[in-house]
Amino acid sequence: EAGVVQSPRYKIIEKKQPVAFWCNPISGHNTLYWYRQNLGQGPELLIRYENEEAVDDSQLPKDRFSAERLKGVDSTLKIQPAELGDSAVYLCASSHTYPAREQYFGPGTRLTVT
Amino acid sequence: QKEVEQNSGPLSVPEGAIASLNCTYSDRGSQSFFWYRQYSGKSPELIMSIYSNGDKEDGRFTAQLNKASQYVSLLIRDSQPSDSATYLCAVNTGGTSYGKLTFGQGTILTVHP
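Line by line, the protein sequences give chains A and B.
Position 100, counted from 1, in the first sequence is what this note's numbering calls 100; the numbers after and before it change by one each time, with no gaps.
Position 87, counted from 1, in the second sequence is what this note's numbering calls 87; the numbers after and before it change by one each time, with no gaps.
If you are wondering where the hints come from, they were derived from the structure by calculation, not from laboratory data.
Remember, predicted model here, so these are calculated numbers, not experimental data.
Treat the hints with care, as some may be off.
Listed below are the simulated PhoX-like cross-link pairs for lysine-lysine, each with C-alpha atoms no more than 25 Å apart in a straight line [claimed, not checked]:
(1) A/16 - A/78
(2) A/78 - B/67
(3) B/67 - B/100
(4) B/56 - B/100
(5) B/100 - A/78
(6) A/15 - A/62
(7) B/56 - B/67
(8) B/100 - A/62
(9) B/100 - B/42
(10) A/71 - A/16
(11) A/62 - A/16
(12) A/62 - A/78
(13) A/78 - A/11
(14) B/67 - A/11
(15) B/100 - A/71
The following block holds chain A by itself, in its conformation from the complex (with noise of 0.2 Å):
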């Protein structure tokens, strides 16, 4: 079965730039979550999807960080523009509805904001 699958996996952006990530889930997982891990600390929920609908995005910030995920599978987010404390690394994962619950990762996306 192959894995939570993400793209770039490195990427470096001047600040005021955009940048965008995308993310491929578990192949029947309906649930897609993007975390934030800043080093030295454990990943930090920033939308959650069940299915296409966001139902969790109380911890995205709105202003510059936007995210989508058409017909339920893929997903992409966005920063724009990028500032230099976004710097960051950008994890995607995804997990069935029911019952458990278990949250598989992919590789993420190293940002560098300079």
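Here the structure of chain A is known, so what remains is to put chain B in place on it, guided by the hints.
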């Protein structure tokens, strides 16, 4: 008070010893608990999940849950140098936040030969 707390370590154990990793959580409504292993530069990898009070064993790993004390732990028996990693405790709260994992900051484990 942080929602999920772990001792950041580093925890250093000799090869072959038992490594004990601890985690406390603040939300009494929490219903499921997970341990992830994260190697440097890699993403978190799920190694254990536990939902009921007591112990759950999987190979060299044992997860222990005590909901009354709001405490979950991970034991690694016969520790190997390849077990050296950061171990993240994650808690899934119920109610409207069901599905949201809250992570601790992780415990760095070093197993020395």
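Evaluation of the provided hints:
no. : hint         : result
1   : A/16 - A/78  : holds, 13 Å
2   : A/78 - B/67  : violated, 39 Å
3   : B/67 - B/100 : holds, 18 Å
4   : B/56 - B/100 : holds, 22 Å
5   : B/100 - A/78 : holds, 21 Å
6   : A/15 - A/62  : holds, 17 Å
7   : B/56 - B/67  : holds, 14 Å
8   : B/100 - A/62 : holds, 19 Å
9   : B/100 - B/42 : holds, 21 Å
10  : A/71 - A/16  : violated, 30 Å
11  : A/62 - A/16  : holds, 16 Å
12  : A/62 - A/78  : holds, 10 Å
13  : A/78 - A/11  : holds, 13 Å
14  : B/67 - A/11  : violated, 42 Å
15  : B/100 - A/71 : holds, 22 Å
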